[in-house]
Amino acid sequence: MNSNELLRIKSSSEKAYVGKRSSMLNRALAHSEAFLGSSDRSDPEQATTNHSYGSQTSIPSKVSQPNSANTVEASATLAPAHSSVPVHIEQTATNSEVTEVGQAMKLAAARKMVEEIHGESLEPTPDLDQRIGEL
Amino acid sequence: MSILPKIFPRNDDQRAAAAERQLINFESQFGRNLFGPIPKNHNRDFFCLDEYTWIWHEDWTDDHGQHHVMSTRYVLRPDGAIKSINGQSYQKVQQKETRHIYLAIKKYVAIVQAQYAPLLST
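Residue numbers (our numbering), protein chains in the order written: chain A, 548 to 682; chain B, 651 to 772.
What the hints contain is simulated information worked out from the structure, not anything from laboratory work.
Beta carbons are placed, not taken as given, at the ideal position from N, Cα and C, and that holds for glycine.
Hints are supplied without guarantee of correctness; some may be wrong.
Stated by the list, open to error - Residues from chain B that face chain A, not an exhaustive set, calculated with beta carbons under 7 Å: (1) Gln672; (2) Leu726; (3) Pro728.
Stated by the list, open to error - Below, simulated DMTMM-like cross-link-like pairs (lysine to aspartate or glutamate); rule was C-alpha separation at most 25 Å, straight line: (4) B/Lys742 x B/Asp700; (5) B/Lys746 x B/Asp713; (6) A/Lys562 x B/Asp662; (7) B/Lys746 x B/Asp700; (8) B/Lys746 x B/Asp729; (9) B/Lys742 x A/Glu552; (10) A/Lys562 x B/Glu701; (11) B/Lys742 x A/Glu681; (12) B/Lys742 x B/Glu701; (13) B/Lys746 x A/Glu580; (14) A/Lys567 x A/Glu552; (15) A/Lys567 x B/Asp662; (16) B/Lys690 x A/Glu580; (17) B/Lys690 x B/Asp700; (18) A/Lys567 x A/Glu681; (19) A/Lys562 x B/Asp712; (20) B/Lys690 x B/Asp662; (21) A/Lys562 x B/Glu670; (22) A/Lys567 x A/Asp674; (23) A/Lys567 x B/Glu670; (24) A/Lys562 x B/Asp700; (25) A/Lys567 x B/Asp713; (26) B/Lys742 x B/Asp713; (27) A/Lys562 x A/Glu552; (28) B/Lys690 x B/Asp713; (29) A/Lys567 x A/Glu580; (30) A/Lys567 x B/Asp712; (31) A/Lys567 x B/Asp709; (32) B/Lys690 x B/Glu670; (33) B/Lys746 x B/Asp709.
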């Protein structure tokens, strides 16, 4: 399903699935704010620095070296995103706005990000269903 | 137009589960791009499994043709985040990584909600 197909959903039952998922995501965001948000506030200098740069992430290169001694830890570390999307967010938002991005981000800005992402890749992952089922 | 029931014409529970999987698949199209370009021969997914659990999956084939899989499950708890890699035991997520997963979650939710908002507002 792509964005256009999503927008063609008309029935209330189908919208209910989307609404339920949307509500769950809001709760997930609230949990992350409550449980992890201090990691963003405890070191504002580091946060500012990391927010600002757009250097190459280490995820792909380290993931592609599965035999290195520290593969597991290094591979599992979510490196700072470097695409235009995160840079766009952080360069246009103040620290307080970043903290409240879930609530404060304007839809227009978010849609712009979506458009940027659309331009990169929207290829389906056929085996994702199977993997979700295994989780 | 009826999309989800056409694809999943089963009982209510199965239909709901299938619809959720399809929405997760939809969301992961955006989630997988939060971390920059995906290398050739790599598959990547990042998505919210439930309100406390986030999945980062990556699989790839190396130069020798060997297939590798790394699936990390992050679980959010009041005292921080823990993770399990490929089903191994859970370990506490360190501060820097915690911050990264937190930022990724915020961006993921903002992007996906922007996709859902037009549908839910009608």
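Quiz item: Any of the earlier hints contradicted here, and which numbers?
Solution: 5, 9, 16, 17, 19, 20, 25, 26, 30, 31, 32
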